[in-house]
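K.L.:
Protein chains in written order, with the working numbering: chain S, 1290 to 1739; chain A, 4 to 362.
Hints are computed from structural coordinates only; laboratory data are not their basis. Ideal placement from N, C-alpha and C gives every residue a C-beta, glycine not left out. Heads up, some of the hints might be wrong.
[What the hints assert, rightly or not] Using C-beta positions, here's what the derived DEER-type ranges look like:
no., chain 1, residue 1, chain 2, residue 2, range
1, S, S1508, A, L269, 30 to 38 Å
2, S, E1618, A, L132, 22 to 30 Å
3, S, R1375, A, G67, 18 to 26 Å
4, S, R1375, A, L269, 53 to 61 Å
5, A, F224, S, K1673, 54 to 62 Å
6, A, L352, S, D1663, 40 to 48 Å
7, S, S1738, A, F344, 57 to 65 Å
8, S, V1408, A, Y52, 37 to 45 Å
9, A, I134, S, T1614, 26 to 34 Å
10, S, P1699, A, T181, 51 to 59 Å
11, A, S175, S, T1614, 52 to 60 Å
12, A, L132, S, D1559, 34 to 42 Å
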Amino acid sequence: MAAIAIAAIVIIAAIVAFLPKGNNGGGGSDTPIGVALPVYGNADLDSDIDDDDLKIIKKIISKETGYSIATYPFADAKKDGIIDQRDVDVVQKIIKKEPTSVYHLNYYNDGAVNVKTKVVDTKWPCEDLMVTYNSVMFAMTSLGLDERVVGATAVGNTSLDKYVYAKMIENADPLSYTYDSSWNSMMDISSVSKVMLKHPKAHTMFVSAYGNYDAYNESEIENVGCDVVRLCESNPTRDETIASVLLAGFLTNTLDRAKELASLYSDIWDSCTRIASTLPIDDKTGFIVNVGGDSIAGTSNQHNYKCLLAGGKSVLGAASQNIGTWILEDEYNKNIDKILIIVWSNANNGFFFGNHELNPQTILANYVGEAGEDTLWEKTDAWKRDDVYFVYGDYPTAFDLLLRGYAMYPDYYGALFDESCKKMLSFISGGTFEGKNVQLIYKLSELQSY
Amino acid sequence: MTEAEEAGEYKAYLLRKVIFILVMIAGVFALFIYSLTMGQLDLGFFETYHYVIEHIMGATYEPGTRDWFCDYLIFNRNMPESVFAVIAGASLAVAGVAMQSVMNNPLADAYTTGISSGACLGVAIAMILGINLISGDVGSHIGILGNAFVFSLVPMAIILLVAKRLDQSPTSLILAGTAISFFLNAFTMAVMLLATDQSLATVYGWQVGSIGGTTWDDVPFMAVTSVFGIIVISLLAKKLNVMSSGENSAKALGLDIEALRTACLLIMSLMVASVIAYAGIIGFVGLVCPHIVRTIIDADNRYVIPASAALGALMLIGSMVIAQLVATPTVRVPVGVVLSFVGAPLFLLLIIRRKSHVW
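Let the hints inform the model, and build the full structure from the sequences given.
P.N.:
Laid out in structure tokens, this is it:
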């Protein structure tokens, strides 16, 4: 009897072990990552649009108990406030992969941690694509869409990370931008028009959620027949960034890959926040991060906030490259255990892989003086101790947590870091990183001796 | 010299002024025509004006076709920017003439009277502190516009209030304007200490000046304010001439200097504020154009005003064209950058070659 009981327990345990887990990221109607595809027609708020959604819509139309637009707001595929046959038609077209128009959420971020949404409609599926911003380009590359990107803002930019975006740089035409009087970045409509004329299937532009600072002239872009999809890709909020991956995958017919990617991001995010919550308070690393310019420590600066989420202890909100002498006061200097210098390819502070090789000189030039001339950074105790870490910044937000967490707590994050980086590299289209020893975090001494 | 010869010489003298104005206007016209052909679709002159004529005749095209894109870009991108540049340039130049005349100071312009500083402070408050006088959304364009406009009027209001306690001399007013400018800049710097990188970029960008992305929505308010201001100041040209002869002479001739000065400063503030609110701080036009004009056609405001208007328009639309010509495949240069490159050496040249009798 005991043997039979033990055998039964073993068999049951084996069955349970092989049941689909919550974090599989596989297909089907479950939402293993806990985030819904933000497209109207996704009535059951899982990660895709399928027959399950059709069933719900039909039940609403037939007024079955418990089924209404109030309980299933995303059943309203036409976004007209009424659930009827037209919603069924839209969902059926999506299931059959026939062209239609879909309503979905666009994300708007203020550069800190606040996210707003707006419902817009986009022609579906999106074939040829236009993209702006390096983190959106990263999303496209991760989904294997390099060759479908026909227009991009940074392809003429010599600082762009040529490891990751090599194919996009080769294939895409440059999109140019200009600035209005408020220094909002506006797409140059004539260059958008040029790309659209050359590629008649290019009717969608994927842009970042930074509404004021990227493709600010959204309505003008839409006036020339190009839909604008805003992805929340680097904001330090879990659900919106993961939903954006699903959205990008759905719109470009790469949803299966997007689910895998979203699952990876959610795993990393959840693991990082779990590690951060287990860190002994007395062992917390006092950090300062080089970007944001906000002297207030906390969530108003997304860069600072990501480090907080990863378990760091903020000494001060952030500091720009040109820091003031306050950094040498004991209140800050003595409490900074580590300095994190974030480096990414679209911006202001150095080029990690701009020319297929690390650029230590250009990175250091922003922080280290000319020969014989000290900068204030060099006078800090953390700098003298070599507790300065240059961290790659082009990866999406879940990786921001991981890389910064690893820089601060290598012992706690080590295993997760090794495993996750390998997985992420496998998503980069074309195996650009394959066979290369890619290092994403450099200590100061490593850069100086590179 | 006989009377007839004198009359002939005077007519030639006037003709020179008129010709100068007509040449400036012709230049504006030529650059306006050229500006419509610019952009990345490589439209030639004849192709561009084929679309212009067709548009006027009511032609429509199927969306997404090349014809449709060409028509759209000419009438919804190139034309509003060019129209804005012409009117704004004229407005800034005429405001500069009026400012220099009423202040009796060759350095008087939007900077020295604090108008630009006020606008900048308004933008900083909107972007960094999120306090909008019109719109509630932080960083909204309407909010920034509203703040820029209202705050640009604050320095003038302070000057006018303070003027009652001063001797109302031009020197005192310029000094007051400069002091207010420094004061407002200090406020702006203080606010900027709280800024993120992006809002700092916005405030900085405002100080550069740009008409990139101008749409037809941006034109009416600025155009109405500017045209009204130009007309009023043109009507006051004779009185401004009298003011230029000196305060005592002007008073002796029965001119109410304080009232004229107040009226001009108010109108001029509105004109400059309406441009700054949309385009940011466009430097040099208001300072340089009146000086260039006076160097060529002397200081009669009846001619200086229209000539400066034409030259200001030419300068701004010319800078806009240059900005587009030097654009890289990835970025268009803001017009304020070009103006600074052009305006500074030009101003230096003027100082070196200036005729002392025109100022």
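K.L.:
Would you mind marking each hint as holding or not holding in the structure?
P.N.:
Verification of the hints:
1. S:S1508 <-> A:L269: 30 to 38 Å: 35 Å, holds
2. S:E1618 <-> A:L132: 22 to 30 Å: Between E1618 of chain S and L132 of chain A, where Cβ atoms are some 26 Å apart, the hint holds.
3. S:R1375 <-> A:G67: 18 to 26 Å: Roughly 25 Å apart at Cβ, these two residues keep to the hinted range, so it holds.
4. S:R1375 <-> A:L269: 53 to 61 Å: 58 Å, holds
5. A:F224 <-> S:K1673: 54 to 62 Å: 57 Å, holds
6. A:L352 <-> S:D1663: 40 to 48 Å: 42 Å, holds
7. S:S1738 <-> A:F344: 57 to 65 Å: Given about 42 Å between the Cβ atoms, the range is violated.
8. S:V1408 <-> A:Y52: 37 to 45 Å: 42 Å, holds
9. A:I134 <-> S:T1614: 26 to 34 Å: 30 Å, holds
10. S:P1699 <-> A:T181: 51 to 59 Å: 56 Å, holds
11. A:S175 <-> S:T1614: 52 to 60 Å: At roughly 39 Å between Cβ atoms, T1614 of chain S and S175 of chain A fall outside 52 to 60 Å, so the hint is violated.
12. A:L132 <-> S:D1559: 34 to 42 Å: With a Cβ separation near 36 Å, L132 of chain A and D1559 of chain S satisfy 34 to 42 Å, so the hint holds.
Figure legend: structure checked against the earlier numbered hints; hints not met, in rising order: 7, 11.
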